[in-house]
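Letter by letter, the chains look like this.
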Amino acid sequence: MVPAAIEPTRYSMLYAQILLNGLVLGGLYACIAVGFSLVWGVLNVINILHGSFVVLGSYIAYFAYVHLGIHPFLSVILAGGALFALGYVVQAGLINRVVGAPVLTTLVLTFGLDLILNNGMIVAFTADYRTVQLAHPLGSTVVGGLVLPLDRLVAMLLACVLTVILYFVLVRSSIGRAIVAVRMDREAAALMGVNVKRIYAITFGLGALMAGAAGSLLSLIFPISPLNGSEFLGIAFIVCVLGGLGSISGAIVGGLALGAIQSFGALLIGPQHGLTIAFVLLIILLIFKPTGIMGRRGYE
Amino acid sequence: MAEPFFQIKGLESGYGEIRVLWGVDLEVNRGEIVCLIGSNGAGKTTLLRTVSGLVKPAAGSVRIEGEELAGLECKDILSAGVAHVPEGRRLFRTMSVRDNLLMGAYLRRRDKSVDEDLERVMTMFPRLAERANQDAATLSGGEQQMCAIGRSIMSRPKLLMIDELSLGLAPRAVELLGESLVEINKAGVSILLVEQDVMTALDLAHRGYVLDRGRIVMAAPSEELREAPAVREAYIGAS
Ligand SMILES: Nc1ncnc2c1ncn2[C@@H]1O[C@H](COP(=O)(O)OP(=O)(O)OP(=O)(O)O)[C@@H](O)[C@H]1O
Ligand SMILES: [Mg+2]
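So the protein lines, in turn, are chains G and W. Per my numbering, the first sequence starts with residue 1, numbered consecutively. Per my numbering, the second sequence starts with residue 301, numbered consecutively.
Here chain G stands alone, though its shape is the one from the complex:
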């Protein structure tokens, strides 16, 4: 008698749990993608380095924890700062030389730079997977029948906070307005006295900063290896296509959507294929709605 009544609730709890896991992952995906999207939108550069920037952020968090005992949540500042500097220098020194060129030129340049950075990391850190083993993990707690993995949840919340901060920097600060102005009309921005090349370098630095911060948070969740770089890049790409290019709200919607799709996909056809479903959806979306769920907009 009883099981018949219990079954549906059990399923809905299962689905709720999967949705929760998906959204937690999705918040982190949004953080990975938002910098990639910013760079693509403002510079019209598809930054192949982005995935390796995430991995480098994870390594910074890993070594900071192992050698200095700094918690990865705090390393966000360290990794973000280091990657901002790296991104700024790469853009100012190299990419700015070809930034007006067709997308293919900049794509090839960032692809080449990625080969150097990624292989450099393999040489320096080996390709072995490393994991951050926290001495005092937060563990998990059960609320209303849902298991909340606390470390992941805090990582996701921090990722969201960072994304919101980036949003306010773009719409409220003078530099942020200049970034949006350059995106909308670089000549008109130059007429306002904006140093466009410097804004490019700052934008690329901010993109790298968000990648490094995301990498730092992800070090708690995924094993770390340079081999993950291409997966992170793929994630950033799908999120941008799902959510629409160049807007922060788009990256958030796209990230959460991808997290949820991947979670349910894993349930349906096995965890090893979660991303496959996402890629199939990507292709379908590219065919039927190439501007993404949110369409192409500014930074609202």
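Just to be clear, a hint being listed does not mean it is correct.
[Claimed, not checked] Only some residues are given here: those of chain W computed to face chain G with a beta carbon under 8 Å:
hint : residue
1    : Tyr315
2    : Val355
3    : Ser379
4    : Thr394
5    : Leu402
[Claimed, not checked] Not the full set, but computed from the structure, chain G residues with beta-carbon under 8 Å of chain W:
hint : residue
6    : Ser174
7    : Arg177
8    : Asn195
[Claimed, not checked] No farther apart than 20 Å at their CA atoms in a straight line, the calculated lysine to any residue pairs in the SDA-like style are these:
hint : chain 1 : residue 1 : chain 2 : residue 2
9    : W       : Lys356    : G       : Leu150
10   : W       : Lys375    : G       : Met184
11   : G       : Lys197    : G       : Val89
12   : W       : Lys412    : G       : Lys197
13   : W       : Lys412    : G       : Ser173
14   : W       : Lys458    : W       : Pro304
15   : W       : Lys375    : G       : Asn195
16   : G       : Lys197    : G       : Leu23
17   : G       : Lys197    : W       : Gly331
18   : W       : Lys375    : G       : Glu187
It is worth saying that the hints were derived from the structure and are not from the lab. These numbers come from a predicted model, not from an experiment. Beta carbons: idealized from backbone N, C-alpha and C, even for Gly.
Using the hints provided, position chain W with the ligands relative to the given structure of chain G.
For chain W with the ligands alone, coordinates are given in the frame of chain G:
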């Protein structure tokens, strides 16, 4: 004789191999409104773009109060006091009217004087005050031109260059904008106005230049240009 306030001498400019301007000489005195007229493709826009640094000149000099501007970056030319309202207004989409105006003050330190100037622009153009938080792309053509002019005076220029004030606007809107220009000019800003609508240009300006295929072919006070047979024939449609 004292050096004029703003002086272009022997300016040559173009795009790559294509030469558009051939030794242009032009002057604006302090407090003057000067217009530059000429048919499509004469090189009016190219002249303004070269002065503001978007296009690098091949030869010649551009001076304001004796300071050489030719070859400098846009931002240095703007800080020297030359602002450029580009053809087609070129407002920043997705940004509010207020943020567009603030972009004009990008090189200035954000202090009380910026807020006061913002207030002044909003008083001059009450329509912008009503729409301060609206996306600039949603403005009507006339309001966009107000915003573009307001944006460039936020940099506190000494010389304001406007490309096609009346482009695509109804006569009433042009009249309003013209009144604002006179007001701006009375406040001490010299103006170089590029116009297709020759009657409007000559009504507003003290003096005018005629540019033809990259060369200045005539320079005279507005009343004289209005009566000149060549101008009447070519640009006003002899009546
Ligand atoms: N970006 C460019 N590259 C190459 N040639 C250009 C470019 N912009 C303008 N030209 C050429 O320079 C010449 C002058 O153009 P310009 O836009 O300065 O004329 P204009 O007097 O402003 O004309 P209009 O009244 O139509 O605005 C034209 O022959 C035009 O084809
Ligand atoms: Mg023109």
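Comparing the hints with the structure gives:
{"no.": "1", "hint": "Tyr315", "in the structure": "violated, 14 Å"}
{"no.": "2", "hint": "Val355", "in the structure": "violated, 10 Å"}
{"no.": "3", "hint": "Ser379", "in the structure": "holds, 7 Å"}
{"no.": "4", "hint": "Thr394", "in the structure": "holds, 3 Å"}
{"no.": "5", "hint": "Leu402", "in the structure": "holds, 7 Å"}
{"no.": "6", "hint": "Ser174", "in the structure": "holds, 7 Å"}
{"no.": "7", "hint": "Arg177", "in the structure": "holds, 6 Å"}
{"no.": "8", "hint": "Asn195", "in the structure": "holds, 6 Å"}
{"no.": "9", "hint": "W:Lys356 to G:Leu150", "in the structure": "violated, 58 Å"}
{"no.": "10", "hint": "W:Lys375 to G:Met184", "in the structure": "holds, 18 Å"}
{"no.": "11", "hint": "G:Lys197 to G:Val89", "in the structure": "holds, 12 Å"}
{"no.": "12", "hint": "W:Lys412 to G:Lys197", "in the structure": "violated, 29 Å"}
{"no.": "13", "hint": "W:Lys412 to G:Ser173", "in the structure": "holds, 16 Å"}
{"no.": "14", "hint": "W:Lys458 to W:Pro304", "in the structure": "holds, 13 Å"}
{"no.": "15", "hint": "W:Lys375 to G:Asn195", "in the structure": "holds, 7 Å"}
{"no.": "16", "hint": "G:Lys197 to G:Leu23", "in the structure": "violated, 37 Å"}
{"no.": "17", "hint": "G:Lys197 to W:Gly331", "in the structure": "violated, 35 Å"}
{"no.": "18", "hint": "W:Lys375 to G:Glu187", "in the structure": "holds, 12 Å"}
Violated hints, in rising order: 1, 2, 9, 12, 16, 17; the structure is consistent with all others.
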